[in-house]
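Colleague: Full structure from sequences and hints, please.
Protein chains: 2
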Amino acid sequence: MEVEVAVAKVGKWAAGESGDTLEMIERPRGGLSLVLVDGQRSGRAAKAISNLVARKAIAELAEGVRDGAAARAAHDYLHAYKGGKVSATLNIVSVDLATGTLVLSSNNPCPAILVHADGAVQVLDQPSQPVGIYQRTKPAIAELPLQPGLTLVVYTDGLAFAGENRGETLDLPAEVQQRVAAGHSAGQLADGLLERALALESGRPRDDISVLVLQVRPEEGHQVRRMLVQLPIS
Amino acid sequence: MEVEVAVAKVGKWAAGESGDTLEMIERPRGGLSLVLVDGQRSGRAAKAISNLVARKAIAELAEGVRDGAAARAAHDYLHAYKGGKVSATLNIVSVDLATGTLVLSSNNPCPAILVHADGAVQVLDQPSQPVGIYQRTKPAIAELPLQPGLTLVVYTDGLAFAGENRGETLDLPAEVQQRVAAGHSAGQLADGLLERALALESGRPRDDISVLVLQVRPEEGHQVRRMLVQLPIS
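Sequence lines, in order, name chains A and B. Residue numbers are given in this note's numbering: position 129 of the first sequence equals residue 435, and the series is strictly consecutive. Residue numbers are given in this note's numbering: position 148 of the second sequence equals residue 454, and the series is strictly consecutive.
The hints are simulated quantities; they were obtained by calculation from the structure and are not laboratory data. One should not assume that every hint holds.
Listed below are several chain B residues computed to face chain A (Cβ distance under 10 Å; list not exhaustive) [as the list claims (entries may be wrong)]:
1) E308
2) E323
3) G337
4) E369
5) V371
6) A375
7) A379
8) P433
9) R532
Some chain B residues flagged as far from chain A (calculated, every beta-carbon gap over 12 Å) [said to hold, decoys possible]:
10) E329
11) P415
12) Y440
13) K444
14) E449
15) F467
C-beta: ideal position from N, C-alpha, C; glycine also.
Modeller: Here you go:
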């Protein structure tokens, strides 16, 4: 089988750079981890915070530290560094080849959306707190076997709240389910959801928006790993 | 304009996992860096080495350390850790938005290939040593303005030596030039070069092969960052 991950990301309109940070790292025991962080506020200040949190989580994961401990470490680091005054949401999505599982670690009030192989949608909304503010914050963790047909969608609140000022937000579980049923790839899903959100914001998003989609597909027979990155430069 | 980066990577036949490591990180002052490491030998031992070197370089770059210093740090770390007995090649490719330049740092006897906007091919073969063995190893650095039409191809020796056992290797500068002239995207280039190499190895590569292609394109008008990853799972 094959795992396909797609990320689409846009910054708040006219804010210069996105305050969200997305990083990926190979897991030393096999597989990969993606870290998505939304720093409090937007622009440069948010970017510095999300960078700090993502860097800490990535450094831990790269050394083989388990996901829950990496999330705790990222919290402790931000909490100590900023005295509990600055928050960030943190999601870690791991394809762990040592255990054959998909692991989602959340410090994010925004739920994640999981579509199972039979098309059933599950909203992963175990309560969790952002990192940085409260003592001893820990992540909500969901772990499930890597199986063809799984789709996981993780996003920052810019996606959930797009269109809120005109009273029309996306029904994300329904949107995701429809697109998966229509056979959309991870890339099409990430692009499609971001496009819808941008349309609701008239192309001028009032917040950073990031969407991460992971799909497990039945593809067999090749061993080529691929990565493609597009980075617009103003 | 837009930067598109594509990586295609395959492990030595039947060796389990690739001994090459490719990692990407956002630069704190804007842009991104890609680190490609080929650890001595293949399989698990090589993977551990390439992981160590890549992790060190990435950690430095994530903290805003300049590329040449990050490469030196990675060398010093491996040299201290393994007593100068183990080597690795290291390339760092950076899109540095703070300076508006493309920076290539090489500790790799394999040259890189650059195609300019006018179609001229340049082989970047300043002499450099792998990291880990010799005292005070430093990288060869090439830096040039980010301009539409540039294509940079960086690879591990598995690509250069593919087909050597049957006396037929790729003429990489010519291959790259032709494909760029034919309008191939970064993704098509990376896939196409890897495919040619795999054909020369009858689909059973005797070494890990990694190809990284970076293109600067004139595309304007959108602000969406995208990443796509495909990870085959056996």
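Colleague: Hint by hint, note whether the structure agrees.
Modeller: Hints, one by one, checked against the model:
Given the 10 Å rule on beta carbons, the hint for E308 of chain B holds: about 5 Å separates it from the nearest Cβ of chain A. A least Cβ separation of about 7 Å between E323 of chain B and chain A falls short of the 10 Å threshold, and the interface hint therefore holds. A distance limit of 10 Å between C-beta atoms decides the matter here; for G337 of chain B the minimum to chain A is near 8 Å, and the interface restraint holds. Here the hint on E369 of chain B is kept, as its CB sits about 7 Å from the closest CB of chain A, short of 10 Å.
Proximity of V371 of chain B to chain A is violated relative to the hint, the smallest CB-CB distance being about 12 Å (cut-off 10 Å). At about 17 Å, the closest approach between the beta carbon of A375 of chain B and any beta carbon in chain A exceeds 10 Å, and the interface hint on this residue is violated. Checking A379 of chain B against chain A: minimum C-beta separation of about 14 Å lies over 10 Å; hint violated. For P433 of chain B, the interface hint is violated, the least distance from its beta-carbon to any beta-carbon of chain A being 29 Å, above 10 Å.
A cut of 10 Å between beta carbons decides the hint on R532 of chain B: the least distance to chain A is about 4 Å, and the hint holds. Consistency note on E329 of chain B: stated as away from chain A, yet its beta-carbon is not over 12 Å from all of that chain's, at 6 Å minimum. Non-interface status of P415 of chain B relative to chain A is upheld: no Cβ of that chain comes within 12 Å, the nearest being about 24 Å off. With a cut of 12 Å on Cβ distances, Y440 of chain B stays outside the contact zone with chain A, its closest approach being about 26 Å.
At the 12 Å boundary, the C-beta of K444 of chain B stays outside the reach of chain A, the nearest C-beta of that chain being 24 Å off. Chain A leaves E449 of chain B outside its interface by the beta-carbon criterion, the shortest separation being 16 Å against a cut-off of 12 Å. Separation of F467 of chain B from chain A is adequate, the least Cβ-Cβ distance of about 18 Å exceeding the 12 Å criterion.
Hint violations for this structure: numbers 5, 6, 7, 8, 10, all remaining hints satisfied.
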